[in-house]
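K.L.:
So you can see what is in the structure, the chains are spelled out below.
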Amino acid sequence: MSRVWKFGDHINTDDILPGKYAPFMVGEDRFHTFAFAHLRPEFAKEVKPGDILVFGRNAGLGSSREYAPEALRKLGIQVIIAKSYARIFFRNLVNLGIIPFESEEVVDALEDGDRVELDLETGVLVRGGERFALRPPPPFLLEALREGSLLDYYKKHGRFPGE
Amino acid sequence: MGMTLAEKILSRKAGREVRAGELVVVEVDQVMVVDSIAGSFFKRLAYLEATPRYPERVSIVIDHVAPAANLEVAKAQKEIREWGRKHGIRVFDVGRGVCHQVLIEEGLAQPGWIVVGSDSHSTTYGAVGAFGTGMGATDIALAAASGRTWFRVPESVKVVFRGGLPKGVTAKDAALEMVRLLTAEGATYMAVEIHLQDGAEALGRGERMTLANLTVEAGAKAGLVVPSGEILDLYRVPDWLYPDPDARYVREVEIDLSTLSPRVSVPFYVDNVQEVAAVRGKRVDQVFIGTCTNGRIEDLRAAAEVLKGKKVAPGVRLLVIPASSQVLEEATRDGTLLTLLEAGATIGTPGCGPCMGRHMGVLAPGEVCVSTSNRNFRGRMGAPDAEIYLASPRVAAASAVAGYIATPEDLASLPQEEAHV
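So the sequence lines, in the order shown, correspond to chains A and B. Taken in order, the first sequence gives residues 1 to 163; the numbers are from my numbering. Taken in order, the second sequence gives residues 164 to 584; the numbers are from my numbering.
Bear in mind the hints are in silico, worked out from the structure with no lab data behind them. Check each hint, because a few of them may be wrong.
To be verified - So the derived label-pair ranges between C-beta atoms look like this: (1) A:Glu-28 - B:Pro-401: 38 to 46 Å; (2) A:His-157 - B:Arg-179: 19 to 27 Å; (3) B:Arg-216 - A:Arg-146: 19 to 27 Å; (4) A:Arg-159 - B:Thr-495: 35 to 43 Å; (5) A:Glu-147 - B:Arg-182: 25 to 33 Å; (6) B:Gly-327 - A:Glu-147: 51 to 59 Å; (7) A:Gly-27 - B:Gly-472: 19 to 27 Å; (8) B:Asn-233 - A:Glu-111: 37 to 45 Å; (9) A:His-157 - B:Arg-325: 20 to 28 Å; (10) A:Pro-136 - B:Arg-253: 55 to 63 Å; (11) B:Asp-256 - A:Glu-147: 33 to 41 Å; (12) B:Arg-179 - A:Glu-117: 41 to 49 Å; (13) A:His-157 - B:Asp-396: 43 to 51 Å.
For glycine and all other residues, C-beta sits at the position ideal for the given N, C-alpha and C.
All chains, full assembly: derive it from the sequences and hints.
P.N.:
So, in structure tokens, the structure goes:
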């Protein structure tokens, strides 16, 4: 079972990891412990690998800092569900191998603290007796995610998907 | 159906006609890496067992925490210098300036180029007709290793600026108005194509940089200013680098520059833009003039014009950080610097300064800062409850003198002792 951590609209990358806690400020070994340090200080201590982050609209706007989603990955986040994503954040998620699902309906239905089960292959999310269907990411990105991340895809094939 | 500027550039690079929505893999002309993610960039290249495919197309700029603020940063920056030497990669070291300003000054962004940078404000290169866009460390490493990157060809929003700016109103005010109209997500995944018409062509390169810079605050992938005016004198602009008259846009927005008044972006969202009158009188602790948005010579001159013969209010600190060494040199030569110093400003090393809250002006709890930068997110410059008001250099300078948010015009009505003349 995964715990749902739900946040609002327009959560920016300064919220996810404030600039002063960048790895090159505090070290590669501990920057992730400052995830959501301003917005939700208990998050980094309480989050468990496999938990699911839920955002509203325009998730991850602002700075291109990939270490923001990287902090989340280090904390064991493999899946994010949002109503919509800011562009650079979306690319960074795919590059890091975090799956970015998009769904207004599921975001509205989920509550913070919910316990859910998500089948990554089918995109079926179950909460108690309820089932929700998440649409998989576009084929180009799925191809990359199947190899782990876009970085892994390029390393293996020496080209980008579809090239 | 005609093509947008974004479609033109990406088609040219793809070697075939591509339209919004298509995926393309294209060569990039310049890859820009900043100090704060250089370590991740090196690690990803090492993971790929690759080095930059075209070393001359890669630049690293030490600007985000320059000079080093602590031991971790010092080690990271040492690695940058060593790595640069080893692989023959250009490194612009401490004091050269903010990445986007430096690349423009060095001619490393040209009309029709694709420039990818590990900084979201890489949209700034659109000022000269380059398709500039921000990416994370992995995308940047892949671009350096392969010489290419992938894009979804963006739809475009057309923003037309018409007429001339009234006295006392600046490109920053126009840019903030654009973000207000588009909203923080109004151009997500899209290019903002900026047309300057009916007098607005007079906006110079620096002012165009301010406009293109802030397009990312509306979510834009690129902010392309259609070449005109000064750009045609400064650059060789290819004749294909114009949108077709019948290009298809998702949305068209018009802004009449002659009707604008000074604007301010109110915490904690950049698109929360209001007229200065709405927040006039708000007490100020720190004023910061600088960054890739407004740290150029014309910005420093505008501030100096307001500050000439006046003093910064007691209890207020005024930080001026030129966007580059070239800007600092020019400000020194023409007397701008002395005017700023006489008014009570302190000058910092060219670079990003306190924009992202790491050094050189971090805000304490409850403090209020008027900044010429580009983001006023919660906690951006320090304490989570510190407030950042984004404004033009003129409004920033006037606020420093008044001790509260004000325009230069407000200063005239201050009592003598309050104006600190």
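K.L.:
Now, for every hint given, state plainly whether the structure supports it.
P.N.:
Results for each hint:
1. Between Glu-28 of chain A and Pro-401 of chain B the beta carbon distance is about 43 Å. The supplied range of 38 to 46 Å therefore holds.
2. Between His-157 of chain A and Arg-179 of chain B the C-beta distance comes to about 22 Å, which sits within the given range of 19 to 27 Å.
3. At about 25 Å, the beta-carbon gap between Arg-216 of chain B and Arg-146 of chain A stays in the expected band of 19 to 27 Å.
4. The hinted range of 35 to 43 Å is not satisfied by Arg-159 of chain A and Thr-495 of chain B, whose Cβ atoms lie roughly 50 Å apart.
5. Checked against the hint of 25 to 33 Å, the C-beta distance between Glu-147 of chain A and Arg-182 of chain B comes to roughly 28 Å, which is consistent with it.
6. A beta carbon spacing of about 54 Å between Gly-327 of chain B and Glu-147 of chain A agrees with the range 51 to 59 Å that was offered as a hint.
7. At roughly 48 Å, the beta-carbon separation of Gly-27 of chain A and Gly-472 of chain B lies outside the given 19 to 27 Å, and the hint is violated.
8. Asn-233 of chain B and Glu-111 of chain A have their C-beta atoms about 41 Å apart, which keeps the hinted 37 to 45 Å range intact.
9. A hinted range of 20 to 28 Å is violated for the C-beta pair His-157 of chain A and Arg-325 of chain B, which are about 49 Å apart.
10. For the pair Pro-136 of chain A and Arg-253 of chain B, the supplied restraint of 55 to 63 Å is violated, since their beta-carbon distance comes to about 41 Å.
11. The supplied range of 33 to 41 Å is met by Asp-256 of chain B and Glu-147 of chain A, whose beta-carbon atoms lie about 37 Å from each other.
12. For Arg-179 of chain B paired with Glu-117 of chain A, a C-beta distance near 45 Å keeps the hint of 41 to 49 Å intact.
13. Separated by about 45 Å at the C-beta atoms, His-157 of chain A and Asp-396 of chain B satisfy the suggested range of 43 to 51 Å.
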